[in-house]
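Each protein sequence line maps, in turn, to chains H and V.
Take 1 as the starting number for the first sequence in UniProt numbering and just add one per residue.
Take 1 as the starting number for the second sequence in UniProt numbering and just add one per residue.
Watch out, some of these pointers could steer you wrong.
Now the stretches of chain H that chain V is said to cover, found in silico as 3 or more residues with beta-carbon under 8 Å [claimed, not checked]: (1) 57 to 66; (2) 141 to 149; (3) 177 to 186; (4) 192 to 206; (5) 272 to 282; (6) 305 to 311.
List of simulated lysine to any residue pairs, SDA-like, C-alpha gap at most 25 Å [unchecked claim]: (7) H:227 <-> V:263; (8) H:348 <-> V:193; (9) V:348 <-> H:250; (10) V:348 <-> H:165; (11) V:227 <-> H:49; (12) H:348 <-> V:358; (13) V:227 <-> H:220; (14) V:157 <-> H:273; (15) V:227 <-> V:356; (16) H:348 <-> V:263; (17) V:348 <-> H:46; (18) H:227 <-> V:284; (19) V:348 <-> H:226; (20) H:348 <-> V:255; (21) H:348 <-> V:258; (22) V:123 <-> V:63; (23) H:49 <-> H:26; (24) V:227 <-> H:226; (25) V:227 <-> H:46; (26) V:358 <-> V:317; (27) V:348 <-> H:260; (28) V:49 <-> V:274; (29) V:227 <-> H:366; (30) H:99 <-> H:54; (31) V:227 <-> H:284; (32) V:227 <-> H:267; (33) V:227 <-> H:387; (34) V:49 <-> H:26; (35) V:227 <-> H:277; (36) V:348 <-> V:123; (37) V:227 <-> H:286; (38) H:348 <-> V:265; (39) H:29 <-> H:46; (40) H:227 <-> V:234.
Derived by calculation from the structure, the hints in this document are not laboratory data.
Even for Gly, the Cβ is constructed at its ideal location relative to N, Cα and C.
Listed below are the residues making up each chain.
Protein chains: 2
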Amino acid sequence: MTINLKSGLTAGLMLLFMSFSLHAEWVEKRSFTTQDFELFNGQTLAEVKVGWQAYGELNEARDNVILITHFFSGNSHVAGQYEADGAIGYWDAIVGPGKAIDTDRFYVISVDTLVNQEPHNPKVITTGPATINPETNAPYGLDFPVVTIRDFVNVQKALLDELGIENLHAVIGASMGSLQAIDWAAAYPEKVERMVSVIGMAQADPWTVLNLQQWAEPILADPNWNKGDYYDAETPLNGLQQALMQISLQAMHPDIINATFPDHETLAEGPLHNIQSYHSEVNWLRERAAERALYADANHVLYLVRANQLFIAGMQEDLRSGLEPIQARSLFMPATNDLLLRPAMARKAHELLQELGKESQYLEIEGSWGHLDGIMSIESRAQELKEFLQ
Amino acid sequence: MTINLKSGLTAGLMLLFMSFSLHAEWVEKRSFTTQDFELFNGQTLAEVKVGWQAYGELNEARDNVILITHFFSGNSHVAGQYEADGAIGYWDAIVGPGKAIDTDRFYVISVDTLVNQEPHNPKVITTGPATINPETNAPYGLDFPVVTIRDFVNVQKALLDELGIENLHAVIGASMGSLQAIDWAAAYPEKVERMVSVIGMAQADPWTVLNLQQWAEPILADPNWNKGDYYDAETPLNGLQQALMQISLQAMHPDIINATFPDHETLAEGPLHNIQSYHSEVNWLRERAAERALYADANHVLYLVRANQLFIAGMQEDLRSGLEPIQARSLFMPATNDLLLRPAMARKAHELLQELGKESQYLEIEGSWGHLDGIMSIESRAQELKEFLQ
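Model the full structure from these sequences, guided by the hints.
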């Protein structure tokens with residue numbers, strides 16, 4: 001466990017590229033562009049360009065489509081393997097031929113979101129503050145409009161429209177992906193047959209708004225942030241790294257952190273004698289955050305934080321009104337030990353749907369990872385997921 | 001609840017001065033000074049000066065003493081009322097004539113710790129990086145040595161020695177106070193008859209080390225911090241405020257935060273249209289942190305973080321060896337919903353003491369405040385506490 005966790009975290013901490021299989025299917029990144037994209041808040045983007053990936057074959061009736069929406073630090077690489085570097089998708093354990101999300105049967109699509117955390121990752125295609133603003137020929141910075149989870153959904157819908165896909169057999173997402181999944185079911189009820197929310201929520205409550213803000217504050221405080229205008233100067237790397245330290249730490253339950261460091265030395269000589277020397281775990285977390293920061297962009301993190309803070313499924317004033325139109329059968333799978341999007345949040349959405357007479361199931365994922373059980377322990381619920389998708 | 005919480009938080013967020021009674025006993029701050037104070041890490045402080053308060057009367061045998069040790073953001077004002085401003089101590093609900101910690105019977109003492117969070121609070125007397133270094137006639141800054149919970153204990157012991165007090169009927173503390181309490185029992189087993197750990201732990205585990213570090217990072221990143229040398233310049237106020245935002249948020253369970261904002265507007269117009277506009281809760285937390293920062297000192301927060309990171313009861317290499325000498329009867333009272341010092345941490349210490357053949361009890365405090373239930377809901381365990389002290 002110790003070795004697996006540490007090497008997995010070294011490879012990216014959200015375990016995007018952690019390998020569970022050496023024989024995943026090859027997959028390629030594709031690109032989708034659309035013009036004059038209208039945003040939920042009324043503003044318009046002249047051009048939106050995002051990456052996407054697909055698995056399996058679209059059938060003639062075009063009714064075998066499953067959309068998988070990604071989490072905060074993730075991207076469209078949900079499964080399969082890139083030929084160039086061998087990187088394997090985060091849910092390869094459940095997406096593939098004969099797996100829970102069976103690509104022998106379903107055409108599985110996943111799309112990079114707007115304002116993706118890693119615009120500087122060569123394997124991510126996204127549009128956000130780091131994108132060149134066609135009006136100025138310089139990066140948007142804070143001129144980029146505020147975007148919402150609904151806008152992520154509508155970019156995906158534009159892609160599906162172009163592909164001639166009218167209905168989704170299912171939409172499935174973990175964490176921030178679950179926000180997109182439930183909003184899909186609320187926004188386009190007649191198009192969504194099944195909705196799976198993994199480690200998810202239906203509304204950002206005040207605590208979540210405040211907790212997300214803790215990820216933004218170090219960026220806002222970094223003098224190099226310069227109100228978002230840093231693309232031709234020193235970047236706010238320190239603030240970004242602090243944000244990523246917090247994100248990394250909060251995604252994991254204390255038990256898994258503690259199990260990772262069985263040889264923890266409380267009274268370590270360095271920290272005991274020098275206020276500027278740190279416990280080895282602190283240095284480890286800083287190094288992992290520094291690695292994660294390589295491809296990330298500080299403004300993109302701010303915009304992602306905001307999209308999550310503004311989330312309420314259905315984008316109505318109250319959640320009940322937002323969920324009312326849903327026609328999909330729903331399945332909520334929170335992680336028992338999740339301290340970030342706690343099971344109570346998924347249960348609330350599940351119970352509200354039941355009150356509204358909708359079909360909804362609730363099933364927890366057990367594990368010691370906390371929030372990350374939505375990735376690390378998803379295979380333990382493969383059978384139930386497979387049955388739900390029949 | 002909403003009104004009480006908000007006004008309570010406005011008055012200081014750790015509820016130090018929140019009033020439960022309009023008829024508390026008057027109490028005064030006193031001062032204690034000692035020279036050539038040897039620290040656990042081998043360094044020496046030429047002079048240590050701290051504040052303290054006392055309640056009740058020391059009996060002739062000097063054997064009716066209860067020491068109360070304070071939490072991270074607290075000070076010696078545990079109960080009673082200051083005549084100057086009417087401020088009431090944080091545990092006034094359980095400390096006073098006829099109360100659980102009965103000052104008609106016990107002589108209760110509480111002492112400001114070294115490196116107290118609020119050296120600029122006129123009601124706090126402490127020695128730390130903001131103190132004038134007699135060798136240079138300037139504030140110590142980072143020349144101040146790293147101090148540990150054991151050093152807090154030894155300052156208290158020096159005061160008791162001066163008062164001619166050889167034994168403690170009990171030592172009781174909440175949160176960081178619980179660290180001092182259990183270390184007292186381990187360091188001076190023959191002097192401590194009873195030990196009460198409220199919302200406490202016996203050892204900082206790796207998760208706690210990393211979580212505490214999140215409070216330090218924004219200070220370290222603030223350019224005004226200047227490696228701790230800011231006493232004749234702009235102070236690292238922004239970093240300090242960020243630290244205090246995190247401390248405030250983590251001390252409270254999501255449920256109490258959410259209950260505080262029943263009118264939360266997820267799709268608030270400001271944040272939806274302007275990336276530099278924030279939800280009202282964010283502004284509220286920032287304002288509270290700004291108020292808390294008035295008396296606080298950034299370096300002191302760093303040194304407090306370190307003292308907690310270095311904590312292992314008994315200050316041995318392993319916890320079992322550290323707890324082995326304890327003779328006190330112990331009582332652990334974690335808060336059921338505490339996400340900061342989780343009940344599992346107190347339970348671990350309790351079970352280890354039982355394994356070692358010591359007398360130990362375990363009793364959770366119920367409530368919706370989370371960590372702060374150790375203050376806000378302590379009265380619900382007044383009877384059990386009173387009986388334990390018989």
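Structure-based check of each hint:
Counting residues of the segment 57 to 66 of chain H whose beta carbon lies closer than 8 Å to any beta carbon of chain V gives 0, which falls short of the minimum of three for the stated coverage. Remark: the segment 141 to 149 of chain H is confirmed as covered by chain V, as 4 of its residues place a Cβ nearer than 8 Å to a Cβ of that chain, reaching the required three. For a cut-off of 8 Å, the count of residues in the segment 177 to 186 of chain H with a CB near a CB of chain V stands at 0, and the three-residue condition is violated. A stretch counts as covered by a chain when three or more of its residues have a beta carbon under 8 Å from one of that chain; for the segment 192 to 206 of chain H and chain V the count is 4, and the coverage holds.
Closer than 8 Å: that is the beta-carbon criterion, and the segment 272 to 282 of chain H has 9 residues meeting it against chain V, so the requirement of 3 holds. With 4 residues carrying a beta carbon less than 8 Å from a beta carbon of chain V, the segment 305 to 311 of chain H meets the three-residue requirement, and the given coverage holds. Distance hint between residue 227 of chain H and residue 263 of chain V is unfulfilled; the C-alpha atoms sit about 30 Å from each other, more than 25 Å. Our distance criterion of 25 Å between C-alpha atoms is broken by residue 348 of chain H and residue 193 of chain V, whose separation comes to about 48 Å.
For the hint pairing residue 348 of chain V with residue 250 of chain H, the CA-to-CA distance comes to about 23 Å; that is within 25 Å, so the pair holds. Under the criterion of a C-alpha separation no larger than 25 Å, the hint pairing residue 348 of chain V with residue 165 of chain H is inconsistent with the structure, at around 56 Å. Proposed proximity of residue 227 of chain V and residue 49 of chain H is contradicted: the alpha carbons are some 44 Å apart, above 25 Å. Taken as a hint, the residue 348 of chain H and residue 358 of chain V pair is broken in the structure, with Cα atoms around 44 Å apart against an allowance of 25 Å.
Annotation: proposed proximity of residue 227 of chain V to residue 220 of chain H holds, straight-line Cα distance about 21 Å (limit 25 Å). Only pairs whose Cα atoms come within 25 Å are accepted, and residue 157 of chain V paired with residue 273 of chain H is accepted, the gap being roughly 23 Å. For the given pair, residue 227 of chain V sits about 44 Å from residue 356 of chain V by alpha-carbon distance, which is inconsistent with the 25 Å threshold. Under the criterion of a C-alpha separation no larger than 25 Å, the hint pairing residue 348 of chain H with residue 263 of chain V is consistent with the structure, at around 18 Å.
Proposed proximity of residue 348 of chain V and residue 46 of chain H is contradicted: the alpha carbons are some 58 Å apart, above 25 Å. With a CA separation close to 22 Å, the supplied pair residue 227 of chain H and residue 284 of chain V stays within the 25 Å bound. Only pairs whose Cα atoms come within 25 Å are accepted, and residue 348 of chain V paired with residue 226 of chain H is rejected, the gap being roughly 47 Å. With a C-alpha separation of about 13 Å, the suggested pairing of residue 348 of chain H with residue 255 of chain V holds against the 25 Å cut-off.
Between residue 348 of chain H and residue 258 of chain V the alpha-carbon distance is near 14 Å, which keeps this suggested pair within the 25 Å criterion. This hinted pair does not check out: residue 123 of chain V and residue 63 of chain V have alpha carbons roughly 28 Å apart, beyond 25 Å. In summary, the hint linking residue 49 of chain H to residue 26 of chain H is supported, as the alpha carbons are separated by about 23 Å, within the 25 Å threshold. Restraint check for residue 227 of chain V and residue 226 of chain H: satisfied, since their Cα atoms lie roughly 22 Å apart, inside the 25 Å limit.
A hinted pair counts as satisfied when its Cα atoms are at most 25 Å apart, and residue 227 of chain V with residue 46 of chain H does not qualify at roughly 46 Å. Of the supplied pair hints, the one linking residue 358 of chain V and residue 317 of chain V holds, its CA atoms being roughly 20 Å apart against a limit of 25 Å. A hinted pair counts as satisfied when its Cα atoms are at most 25 Å apart, and residue 348 of chain V with residue 260 of chain H qualifies at roughly 18 Å. Using a Cα cut-off of 25 Å, the hinted pair residue 49 of chain V and residue 274 of chain V is violated, with the two alpha carbons roughly 50 Å apart.
With a C-alpha separation of about 44 Å, the suggested pair residue 227 of chain V and residue 366 of chain H falls outside the 25 Å cut-off, and the hint is violated. Of the pairs offered as hints, the one joining residue 99 of chain H and residue 54 of chain H holds, with about 15 Å between alpha carbons and a cut-off of 25 Å not exceeded. For the proposed pair residue 227 of chain V and residue 284 of chain H, the alpha carbon gap of about 22 Å is at most 25 Å, so the pair holds. At roughly 23 Å between alpha-carbon atoms, residue 227 of chain V and residue 267 of chain H fall within 25 Å of each other, so this suggested pair holds.
For the hint pairing residue 227 of chain V with residue 387 of chain H, the CA-to-CA distance comes to about 58 Å; that exceeds 25 Å, so the pair is violated. Only pairs whose Cα atoms come within 25 Å are accepted, and residue 49 of chain V paired with residue 26 of chain H is rejected, the gap being roughly 68 Å. Proposed proximity of residue 227 of chain V and residue 277 of chain H is supported: the alpha carbons are some 13 Å apart, at most 25 Å. Proposed proximity of residue 348 of chain V and residue 123 of chain V is contradicted: the alpha carbons are some 36 Å apart, above 25 Å.
Annotation: proposed proximity of residue 227 of chain V to residue 286 of chain H holds, straight-line Cα distance about 18 Å (limit 25 Å). A hinted pair counts as satisfied when its Cα atoms are at most 25 Å apart, and residue 348 of chain H with residue 265 of chain V qualifies at roughly 18 Å. For the hint pairing residue 29 of chain H with residue 46 of chain H, the CA-to-CA distance comes to about 23 Å; that is within 25 Å, so the pair holds. The suggested pairing of residue 227 of chain H with residue 234 of chain V holds, with an alpha-carbon distance near 21 Å, which does not exceed 25 Å.
Comparing the model with each earlier hint shows violations of hints 1, 3, 7, 8, 10, 11, 12, 15, 17, 19, 22, 25, 28, 29, 33, 34 and 36; every other hint is respected.
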